[in-house]
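Protein chains in written order, with the working numbering: chain F, 193 to 612; chain H, 53 to 167.
Hints are computed from structural coordinates only; laboratory data are not their basis. Hints may be right or wrong, so weigh each one.
Examples of chain H residues toward chain F, derived with CB under 10 Å [unchecked claim]: (1) 54; (2) 56; (3) 139; (4) 140; (5) 141; (6) 142; (7) 143; (8) 144; (9) 160; (10) 162.
Here are the computed lysine-lysine pairs in the DSBU-like style, where the Cα-Cα straight-line distance is at most 35 Å [claimed, not checked]: (11) 354(F) to 126(H); (12) 287(F) to 354(F); (13) 346(F) to 126(H).
If you want the ones that stay clear, here's a sample from chain F, every Cβ over 12 Å from chain H, calculated [what the hints assert, rightly or not]: (14) 256; (15) 456; (16) 569.
Yeah, the Cβ is synthetic: ideal placement off N, Cα and C, and Gly gets one too.
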Amino acid sequence: MHGTAHDAVAVTVRVEGARILATLIRTVGDVQIAEDAVQEAILAALGAWPVTGVPPQPRAWLTLTARRKAIDIIRRERARLGKERDGLRMIELAKSDLPPDDVVHDDLLRLIFICCHPALAPPTRVALALRTLCGLSPAQIAGVLLTTEAATTKRLTRARQKIAAAHIPYRVPAEAELADRLPAVCGVIHSLFTAGHAPVDGRAAYDVDACAEAVRLADLLHDLLPDQPMPAAVLALLLLTEARRPARLDEHGDVVTLDQQDRGRWDAAAIARGIALLNDSLRRSYGQADAYQLQAAIAAEHGRAASYANTDWTEILRLYDLLVSIAPSDAAGLGRVVAATEAADPATGLAMLAELPPSPRWHAVRAELLARVGRYADAALALAESLDGPATQPERQHRERRREAFLELSLPSAPYERES
Amino acid sequence: MPQYLALTYTADVDWFSPEQASELAEYRQFAVDNAECLRASAVLHPTSTATVVRVEGARGGNVVTTDGPYAETKEALTGYYLLEAADLDEAVAISAQLPAAWAGAVEVRPVIASR
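With the rest of the complex left out, here is chain F:
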């Protein structure tokens, strides 16, 4: 089978799969049966399409195949359990027309909200979203979440059991409930993006682009709930961050820090869209900024700046002050330190840093600040400390190089004297 043709088919069935699953869950009333049926339909497509070619209406093909598979599964279950017939479900499944778009729209929302139900543990929500909304396999999910396939399968099985046994409802929350329910959904999308954007350890060894999946989910959620400010802010944040990705590594795969990045490699269209979404989101929330809006606003400031030197660090510092006050985190604290250093001076940054808990990132930031005030030996020591902890391979190499550079600068003799 040709690789790229297979990939194209795989992407089509994955995207269509979520749509079809969303409606099928409601029709059969059981997540597991619906998922198995869609899975069997997808396998059938992956087997047939590379040979026969993709049918003119892949959605219709997959929908009807999944329904037939669901009927088969229900019949098998019925024979196994000796259950009485439930005709209504079968009549619904035997239909050959496609559900209208507004029905699919609500079904997709139901699927999103059941995956991100607050009664499920946060990592379970992420795993379920990757399984049902992104169509990833347990092995792929394990790669994204840095766990094992067996643990992921167990987590998914327990989640489906809980959904069924506790009757977690398959419904779209009422308008009044959305404010309570949306943070969990946005949290799933954001943590998925973070898992792809800033993995804690190791190489990006998995074949799944978690960032792209997160952007796709954010896009879908915003598309389904265009009037809600939070999904718009999450999408803005993801687009604005993702826009800079092409410049984060050079052609050798080495880390390029923000001050050195070739801004011509940033995705200008994504930045423009992110800024427009952020402005729209802020208007809809009447100026009461949440953590996503603040982070997006910070990313927008970077995206707007023509160069590192031209960045409005005073505004970025103000945004970080707000962010730290409403949603304190280590990452926000360190971002604030950098902003304060650029807006004021390294001494201010170092003083702020002393208030934060040490971590590998903390040591790396401290090293850069110490180097700025000429304390190169201390900077090299701080980097050695930061290398004690976990970091991605490119990040480790970057810190090694910085450490060597600072060691060099810390030597008492000038370079030309050492040549003789």
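Based on the hints, put chain H in the right spot on chain F.
The following block gives chain H in isolation, referenced to the frame of chain F:
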């Protein structure tokens, strides 16, 4: 309609002591407000009155009893409510009205439907 058992975990109190009177009244009010969906309920004597029963080996073995609760924890099982609700969201909404929800915790467990 699905059934759920809402177990209240709170400080290990004696419901008959005068200090508990106002809180006990709140539980009574909860039962009145939600009479339609409550199938059974009880508040329990404190864990100091509990007896743990074990049979050694297998059925028919020696019955061994120990004084006190099965597990010593800060929050003890102090009562239960068997309730009927359309789904988990509804069961959570009802359970959130129990004083234990803010004075401790309420564990909501789905009951296996008898066939």
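Hint-by-hint comparison with the structure:
Taken as an interface hint, residue 54(H) checks out: its beta carbon lies about 5 Å from the nearest beta carbon of chain F, inside 10 Å. Because the smallest distance between the Cβ of residue 56(H) and any Cβ of chain F comes to about 8 Å, under 10 Å, the interface hint for this residue holds. A distance limit of 10 Å between C-beta atoms decides the matter here; for residue 139(H) the minimum to chain F is near 4 Å, and the interface restraint holds. Annotation: residue 140(H) was flagged as interfacial toward chain F, and the flag holds, the nearest CB pair being 5 Å apart, inside 10 Å.
With a least beta-carbon distance of about 5 Å to chain F, the hint placing residue 141(H) at the interface is held under the 10 Å criterion. A hinted interface residue such as residue 142(H) counts as satisfied when its beta carbon comes closer than 10 Å to some beta carbon of chain F; here the least separation is about 8 Å, so the hint holds. For residue 143(H), the interface hint holds, since its Cβ comes within 10 Å of a Cβ in chain F; the closest pair sits about 8 Å apart. With its C-beta approaching chain F no nearer than about 7 Å, residue 144(H) sits inside the 10 Å limit, and its interface hint holds.
With its C-beta approaching chain F no nearer than about 8 Å, residue 160(H) sits inside the 10 Å limit, and its interface hint holds. Hint on residue 162(H) holds. Least Cβ distance to chain F is approximately 4 Å, under the 10 Å limit. A threshold of 35 Å between alpha carbons decides the hint, and for residue 354(F) with residue 126(H) the separation of about 27 Å falls inside it, so the pair holds. Distance restraint check for residue 287(F) and residue 354(F): the Cα-Cα separation of roughly 30 Å lies within the 35 Å cut-off, and the hinted pair is therefore satisfied.
A C-alpha spacing of about 31 Å is found between residue 346(F) and residue 126(H), which places the hinted pair at or below 35 Å, so the restraint holds. Distance to chain H confirms residue 256(F) as a non-interface residue, since its nearest Cβ pair spans about 30 Å, more than 12 Å. Residue placement check: residue 456(F) keeps its beta carbon more than 12 Å from all beta carbons of chain H (closest about 50 Å). Non-interface call for residue 569(F) relative to chain H: holds, since the shortest CB-CB distance, roughly 51 Å, exceeds 12 Å.
Violated hints for the displayed structure: none, as all numbered hints are satisfied.
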